[in-house]
Each structure stands twice: as structure tokens, then as C-alpha cells.
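*Asks:* Input sequences plus hints: build the corresponding full structure.
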Amino acid sequence: NAGVTQTPKFQVLKTGQSMTLQCAQDMNHNSMYWYRQDPGMGLRLIYYSASEGTTDKGEVPNGYNVSRLNKREFSLRLESAAPSQTSVYFCAGGAGELFFGEGSRLTVL
Amino acid sequence: GENVEQHPSTLSVQEGDSAVIKCTYSDSASNYFPWYKQELGKGPQLIIDIRSNVGEKKDQRIAVTLNKTAKHFSLHITETQPEDSAVYFCAASFSGFGNEKLTFGTGTRLTIIP
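Which chain is which? The protein sequence lines are X and P, in order.
Mapping of the first sequence onto this note's numbering: position 20 corresponds to residue 20, and the numbering continues sequentially without gaps.
Mapping of the second sequence onto this note's numbering: position 95 corresponds to residue 95, and the numbering continues sequentially without gaps.
Source of the hints: derived by calculation from the structure; they are not laboratory data.
Treat the numbers as computed from the prediction; the structure is a model and nothing was measured.
Quick reminder that beta carbons are idealized off the backbone N, C-alpha and C, glycines included.
Any given hint could turn out to be false.
[As the list claims (entries may be wrong)] Here are the simulated distance ranges between beta carbons:
no.: 1; chain 1: P; residue 1: 56; chain 2: X; residue 2: 19; range: 40 to 48 Å
no.: 2; chain 1: P; residue 1: 79; chain 2: X; residue 2: 102; range: 34 to 42 Å
no.: 3; chain 1: P; residue 1: 26; chain 2: X; residue 2: 54; range: 26 to 34 Å
[Unchecked claim] Below are the PhoX-like pairs computed for lysine-lysine, each with C-alpha atoms no more than 20 Å apart in a straight line:
no.: 4; chain 1: P; residue 1: 101; chain 2: P; residue 2: 71
no.: 5; chain 1: X; residue 1: 71; chain 2: X; residue 2: 57
no.: 6; chain 1: P; residue 1: 22; chain 2: P; residue 2: 37
no.: 7; chain 1: P; residue 1: 101; chain 2: X; residue 2: 57
no.: 8; chain 1: P; residue 1: 22; chain 2: P; residue 2: 68
no.: 9; chain 1: X; residue 1: 9; chain 2: P; residue 2: 42
no.: 10; chain 1: P; residue 1: 37; chain 2: P; residue 2: 58
no.: 11; chain 1: P; residue 1: 68; chain 2: X; residue 2: 71
no.: 12; chain 1: P; residue 1: 22; chain 2: P; residue 2: 58
[What the hints assert, rightly or not] Covered stretches of chain P, as calculated for chain X (at least 3 residues, CB under 8 Å):
no.: 13; region: 38–44
no.: 14; region: 101–111
*Replies:* This is how it looks when you write it as C-alpha cells:
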């Protein structure tokens, strides 16, 4: 029982490159979330999915897209990465208590 | 939307002493207030939460208090231990439909001095 698993753990991109962060949960949660964590700014919600087939914007959605592939998987895509997207990204699942993955550290040069 | 402010940003206490972290929120509709602990290289983990129909909740050395009128809530850790060293986040949301769009505070780095 792994909980929430994110891949990759580390990634370095050049400005303009694209990539997808993968997230999978084995806890049968309907709701899943993507947050970014930046120094001094806490965790900010990028996108969330209340159930399979639905997604909604959070506080900072610009420059990102998401896909809720099925109940287990929720991916975050950067189509054209920018240095401002350098951050640590966390996927979470749950309602009430949120269960977070261990994070994906992304650096955009 | 909701805005959560958290203070202090850093806190150092002697082992065995108490630590208090305070948060204020802006949206009077918020009714769910969790606290998360984040250890180095890990994702945040829930340590305690409180709902707006309760003024105080305690779990061993950890307690949370809520003042709805003033829109602030606090985390209290007593008899601190080295393993309490971590970053702590408060959060707030309106909860009622099983979908927690949490707004987090900016975090407090707690250091326990042996």
C-alpha cells in the first residue's frame, strides 16, 4: 500500500520544454489535487479533480494542464516550461484528511 | 477567496518547553481547519484538525484552539521533543461536500534545541 506516488522525483528542464508529472493513488479517493510549494509561500493549489472525469482550476492554474485519466491517476502537464515554474510539486488525494506524495522537485533553466 | 496568515515563520524552543503557532483566516464561511507537519524531503502529513463547531481539540501533546469570532486558530505543542522539529502548516477550507480545497498558510519552521 504505497498511498500517493509521484514521478519523477527530480527533473531539470530548459525554458520552453514540456513535461508531465505523474501521480497515482491506491487509496480509492475520489478527489485528487496538485499543489506547488515555494519558499515563503506555503502550498498553493494548481488544479484539483473532485471525481474521475472532472477537473477544476485552483489558485495558480496558468501554464499548467491536468488529466484525470481514471480514479487512480491524475497528471500535471507543463506545455512550455518557464523559470517561474521552478518549484516543488505535490500531488494529494483525499477528502477531509489529505494524503500527499513525497513531491517532485522541478528546476527550469 | 480565502486568505490564511501564519505566524511566526520561524520558532526555536528549548526541548521540553511549549511551542505555539498562530493563524488567521479571512472567509467566515470556512469551517475546517487542519494542521500539517512536513519533515525534510517529505510531503505534509496531517497531525490534527478542528471543525468550526468545536472550540478546542487535543491529541496527547498537541492541541488546537479555534476562535470563530476573531477568525483565528492556534497549534499548541507541549513538552517538545527533537522529533517535533519540522515545518508546520495551518490551512482552512469550507468543507461539506467531501472536496477539500484547502488554503494553506506560509508555514512555520520549528526547531527544538536539545
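*Asks:* Run every hint past the structure and note whether it holds.
*Replies:* Here is how each hint holds up against the structure:
no.: 1; hint: 56(P) <-> 19(X): 40 to 48 Å; result: 45 Å, holds
no.: 2; hint: 79(P) <-> 102(X): 34 to 42 Å; result: 29 Å, violated
no.: 3; hint: 26(P) <-> 54(X): 26 to 34 Å; result: 27 Å, holds
no.: 4; hint: 101(P) <-> 71(P); result: 18 Å, holds
no.: 5; hint: 71(X) <-> 57(X); result: 18 Å, holds
no.: 6; hint: 22(P) <-> 37(P); result: 14 Å, holds
no.: 7; hint: 101(P) <-> 57(X); result: 11 Å, holds
no.: 8; hint: 22(P) <-> 68(P); result: 14 Å, holds
no.: 9; hint: 9(X) <-> 42(P); result: 11 Å, holds
no.: 10; hint: 37(P) <-> 58(P); result: 16 Å, holds
no.: 11; hint: 68(P) <-> 71(X); result: 36 Å, violated
no.: 12; hint: 22(P) <-> 58(P); result: 16 Å, holds
no.: 13; hint: 38–44; result: holds (count 4)
no.: 14; hint: 101–111; result: holds (count 7)
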